[in-house]
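Asker: In case you want the letters, here they are:
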Amino acid sequence: MFNRIFLFLILGAVAVMAGGAIEGEVAKQELNMSAIIMFLLFVGGTLGITYWAAKRTKSAKDFYTAGGGITGFQNGMAIAGDYMSAASFLGISGLVYLKGYDGLIYSIGFLVGWPVILFLIAEPLRNLGKYTFADVASYRLRQTPIRTLAASGSIATVILYLIAQMVGSGKLIQLLFGLNYEVAVILVGVLMVLYVTFGGMLATTWVQIIKAFLLLSGATFMAVAVMAHYDFSFGSLFAQAVEMKGIEVMSPGGLVSDPVSAISLAVALMFGTAGLPHILMRFFTVSDAKEARKSVFYATGFIGYFYILTFIIGFGAIVMVYTNPEYLDVAKQAVSGGSPILGGNNMAAIHLSHAVGGDFFLGFISAVAFATILAVVSGLTLAGASAISHDLYASVFKKGEVDSMKEMQVSKMATVALGIVAIIMGIAFEKQNIAFVVGLAFAIAASANFPVLMLSMYWKKLTTRGAVIGGSMGLATAVLLVILGPIVWVQILGNAEAIFPYKYPALFSVTVSFIAIWFFSITDNSQNAKNEHEMFEAQYIRSQTGIGAEGASEH
Amino acid sequence: MKKELVEKIKANPDYQKLVKTRSGFSIKLTVAMLVVYFTFILTIAFNPSALGAPLGADTVTTVGIPIGMAIIVFAFILTGIYTKRANGEFDDLANAVKKSVGED
Chain A
1 MFNRIFLFLI LGAVAVMAGG AIEGEVAKQE LNMSAIIMFL LFVGGTLGIT
51 YWAAKRTKSA KDFYTAGGGI TGFQNGMAIA GDYMSAASFL GISGLVYLKG
101 YDGLIYSIGF LVGWPVILFL IAEPLRNLGK YTFADVASYR LRQTPIRTLA
151 ASGSIATVIL YLIAQMVGSG KLIQLLFGLN YEVAVILVGV LMVLYVTFGG
201 MLATTWVQII KAFLLLSGAT FMAVAVMAHY DFSFGSLFAQ AVEMKGIEVM
251 SPGGLVSDPV SAISLAVALM FGTAGLPHIL MRFFTVSDAK EARKSVFYAT
301 GFIGYFYILT FIIGFGAIVM VYTNPEYLDV AKQAVSGGSP ILGGNNMAAI
351 HLSHAVGGDF FLGFISAVAF ATILAVVSGL TLAGASAISH DLYASVFKKG
401 EVDSMKEMQV SKMATVALGI VAIIMGIAFE KQNIAFVVGL AFAIAASANF
451 PVLMLSMYWK KLTTRGAVIG GSMGLATAVL LVILGPIVWV QILGNAEAIF
501 PYKYPALFSV TVSFIAIWFF SITDNSQNAK NEHEMFEAQY IRSQTGIGAE
551 GASEH
Chain B
556 MKKELVEKIK ANPDYQKLVK TRSGFSIKLT VAMLVVYFTF ILTIAFNPSA
606 LGAPLGADTV TTVGIPIGMA IIVFAFILTG IYTKRANGEF DDLANAVKKS
656 VGED
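Protein chains in written order, with the numbering used here: chain A, 1 to 555; chain B, 556 to 659.
The set of hints was computed from the structure by calculation and includes no laboratory data.
These numbers were taken from a predicted model, which means no experiment stands behind them.
Check the hints yourself; a few may be wrong.
Unchecked claim - Partial list, computed: chain A residues near chain B (C-beta under 7 Å):
(1) Ile108
(2) Val190
(3) Met227
(4) Val242
(5) Met244
(6) Ser251
(7) Phe429
(8) Ile492
Stated by the list, open to error - In silico EDC-like cross-links for lysine to aspartate or glutamate, where the CA-CA straight-line distance does not exceed 20 Å:
(9) A:Lys290 <-> B:Glu562
(10) A:Lys530 <-> B:Glu562
(11) B:Lys572 <-> A:Asp524
(12) B:Lys653 <-> B:Asp569
(13) A:Lys461 <-> A:Asp403
(14) A:Lys245 <-> B:Asp613
(15) A:Lys461 <-> A:Glu401
(16) A:Lys460 <-> B:Asp613
(17) B:Lys575 <-> B:Glu644
(18) B:Lys558 <-> A:Glu534
(19) A:Lys290 <-> B:Asp569
(20) B:Lys558 <-> B:Asp569
Stated by the list, open to error - Covered, in the sense of this in silico footprint (three residues per stretch, anywhere, with C-beta under 8 Å from a C-beta of chain B), are these stretches of chain A:
(21) 218 to 225
(22) 338 to 347
(23) 362 to 370
Ideal Cβ placement from N, Cα and C applies to all residues, glycine included.
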């Protein structure tokens with residue numbers, strides 16, 4: 001029965017796409033045939049994988065963690081894939097294109113959280129958890145309040161991240177494929193629901209691996225093509241870039257100007273990465289701590305390599321796209337002067353792909369960018385659905401008295417619900433300024449998820465009361481400071497001056513969270529707190545040695 | 556896990572060695588990463604021109620470029636160092652502990 005529904009949905013998705021393509025032609029938008037063909041190949045291939053994965057996804061464990069049988073290398077690639085979103089590919093290369101060196105500062109911030117995740121989190125997380133990071137946070141604390149808190153943090157992070165991805169995807173697809181915005185958003189939503197409901201973590205992981213491979217190959221080709229132009233000399237590439245945009249591109253500019261913002265951004269990126277539910281969930285897809293470590297090692301390598309590529313690509317765009325009349329937005333230039341490129345700075349990498357590889361390669365990179373969005377939203381949706389079904393439904397509402405099939409059904413329903421929410425939000429936020437959204441997602445992950453997770457693994461005196469009050473205060477502070485900050489309070493709400501002067505709240509909200517957790521834990525003298533202290537040692541032994549940890553399933 | 560088992564493992568010299576060496580090692584590497592990264596970020600905040608200085612008289616490439624690239628490579632190398640030691644030495648100790656309590 002499942003298979004029939006599946007085929008029906010594939011046909012539906014293809015029909016939506018074909019319909020959209022025709023519409024694009026009617027609207028006389030430029031239609032990139034090679035992009036569409038390559039994208040269809042990707043969608044066809046990944047739906048094939050989903051079909052294969054659906055037959056292997058029989059239990060909740062398969063659904064949430066691909067049976068725990070993913071290898072370290074595969075998982076490293078998938079983690080890298082989760083992290084190399086379209087926003088980071090187009091956004092960071094666009095930032096390098098716009099500001100040069102500042103783009104590199106951002107990339108480094110995104111990368112340096114990884115070693116810390118490896119040294120402090122990956123292994124205890126793998127040894128203590130089963131499906132979600134809430135398993136770990138609630139290991140010796142009270143299930144209901146802790147899971148509710150962890151699930152709220154996860155769902156908030158996932159939905160914010162989803163909004164950013166959906167809006168980005170709609171605009172990107174509109175631009176690249178000539179599809180209309182709503183059609184693009186619906187298409188992304190439908191495909192992601194298909195991958196996740198039918199193929200679970202197994203399909204989501206393979207979609208991510210394939211996309212990571214395509215993205216790394218495409219970006220490598222672009223970087224090599226750029227470097228080949230300059231006889232593989234960075235000196236000549238930079239010299240040319242300086243000639244076009246001035247010497248400012250070679251040094252830190254205004255991106256992080258005051259020390260507080262700089263440190264706050266660093267805290268958000270580092271601890272936020274360690275609190276992203278869709279990333280943390282990946283550690284349960286491998287068989288043991290050994291593979292979990294290898295995952296981070298490979299992931300760090302791929303991500304670091306990718307950021308070096310985006311840096312070269314950004315500079316490549318400066319020299320090959322910046323003053324190229326072919327990519328100039330004439331209409332915009334007439335209004336505001338300068339040399340704006342079509343589609344804005346985030347299209348720098350896309351235009352560069354055309355400059356180095358013609359229509360065919362432009363098609364490839366466009367298709368890869370779309371594939372990237374699909375893969376990332378699938379991972380996010382799966383993480384959100386797990387928080388709903390495993391943490392809220394099975395553990396909070398049913399108190400663990402639920403069979404695995406029922407739990408899996410609930411997570412499939414949750415996936416569909418999240419898909420609908422993502423589509424509605426994607427359409428609702430089309431014309432909104434969403435610059436704050438990803439920052440807010442990272443701030444929440446850093447202030448609500450990370451402190452609770454970290455202290456639950458390492459601090460004996462953590463109690464349920466401390467974790468719940470501190471984690472909630474971290475979450476509330478992050479949200480409040482973003483609302484009162486320059487982006488929402490001034491740019492969106494139109495007030496004259498921000499009440500909270502910094503763009504990044506993490507330094508403050510993370511501090512609030514840690515202090516509140518500490519304070520409300522040490523002053524907790526209840527019997528419950530004493531029991532929780534006593535359970536710490538057994539938990540610590542398991543986290544250190546893996547005795548009693550979840551293994552891979554048998555097939 | 557039963558209380559007796561917890562006490563037994565805690566008394567196991569392999570376990571003590573594992574916890575001691577690994578946490579020392581993890582903390583050292585974490586500190587190394589944080590020091591490198593925050594030095595970089597604070598340099599940008601307080602003295603950005605230090606990174607904007609050209610590498611030589613005849614080049615526009617600034618000091619910040621190789622430093623930035625080096626931090627990326629450094630992060631990767633640190634994960635390699637940890638993974639190698641943990642997957643060998645630390646896992647051997649953990650396996651010895653598991654064996655001693657009849658779990659492997």
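Asker: Confirm or reject each hint.
Answerer: We went through each hint and held it up to the structure:
A least Cβ separation of about 5 Å between Ile108 of chain A and chain B falls short of the 7 Å threshold, and the interface hint therefore holds. At about 37 Å, the closest approach between the beta carbon of Val190 of chain A and any beta carbon in chain B exceeds 7 Å, and the interface hint on this residue is violated. Evaluation of the Met227 of chain A hint against chain B yields a violated restraint, the C-beta minimum of about 14 Å exceeding 7 Å. This hint holds: Val242 of chain A has a C-beta 5 Å from the nearest C-beta of chain B, less than the 7 Å allowed.
Hint status for Met244 of chain A relative to chain B: violated, with the closest Cβ pair at about 12 Å, above 7 Å. With a least beta-carbon distance of about 3 Å to chain B, the hint placing Ser251 of chain A at the interface is held under the 7 Å criterion. With 7 Å as the threshold, the beta carbon of Phe429 of chain A stays out of range of chain B, its nearest partner Cβ sitting at about 31 Å, so the hint is violated. Proximity of Ile492 of chain A to chain B is violated relative to the hint, the smallest CB-CB distance being about 27 Å (cut-off 7 Å).
With a C-alpha separation of about 26 Å, the suggested pair Lys290 of chain A and Glu562 of chain B falls outside the 20 Å cut-off, and the hint is violated. Between the alpha carbons of Lys530 of chain A and Glu562 of chain B the distance comes to roughly 18 Å, so the proposed pair stays at or under 20 Å and holds. Of the pairs offered as hints, the one joining Lys572 of chain B and Asp524 of chain A is violated, with about 33 Å between alpha carbons and a cut-off of 20 Å exceeded. Simply put, Lys653 of chain B and Asp569 of chain B have alpha-carbon atoms about 10 Å apart, close enough for the 20 Å limit, and the pair holds.
About 33 Å separates the Cα atoms of Lys461 of chain A and Asp403 of chain A, which puts this hinted pair outside 20 Å; it is violated. Our distance criterion of 20 Å between C-alpha atoms is met by Lys245 of chain A and Asp613 of chain B, whose separation comes to about 18 Å. Taking the CA atoms of Lys461 of chain A and Glu401 of chain A, the gap is near 29 Å; set against the 20 Å cutoff, the hint is violated. Straight-line distance between C-alpha atoms of Lys460 of chain A and Asp613 of chain B comes to about 58 Å, which puts the hinted pair past the 20 Å bound.
Restraint check for Lys575 of chain B and Glu644 of chain B: the C-alpha separation of about 13 Å stays at or below 20 Å, so the hint holds. Simply put, Lys558 of chain B and Glu534 of chain A have alpha-carbon atoms about 10 Å apart, close enough for the 20 Å limit, and the pair holds. Of the supplied pair hints, the one linking Lys290 of chain A and Asp569 of chain B holds, its CA atoms being roughly 18 Å apart against a limit of 20 Å. Among the hinted pairs, Lys558 of chain B with Asp569 of chain B is consistent with the structure: their alpha-carbon atoms are about 19 Å apart, no more than 20 Å.
With 0 residues bearing a CB less than 8 Å from a CB of chain B, the region 218 to 225 of chain A misses the requirement of three and the coverage assertion fails. For the region 338 to 347 of chain A, the stated coverage by chain B is not satisfied: 0 residues place a CB nearer than 8 Å to a CB of that chain, which falls below the threshold of 3. Residues of the region 362 to 370 of chain A with a Cβ under 8 Å from some Cβ of chain B number 0, which does not satisfy the need for three, so the listed coverage is violated.
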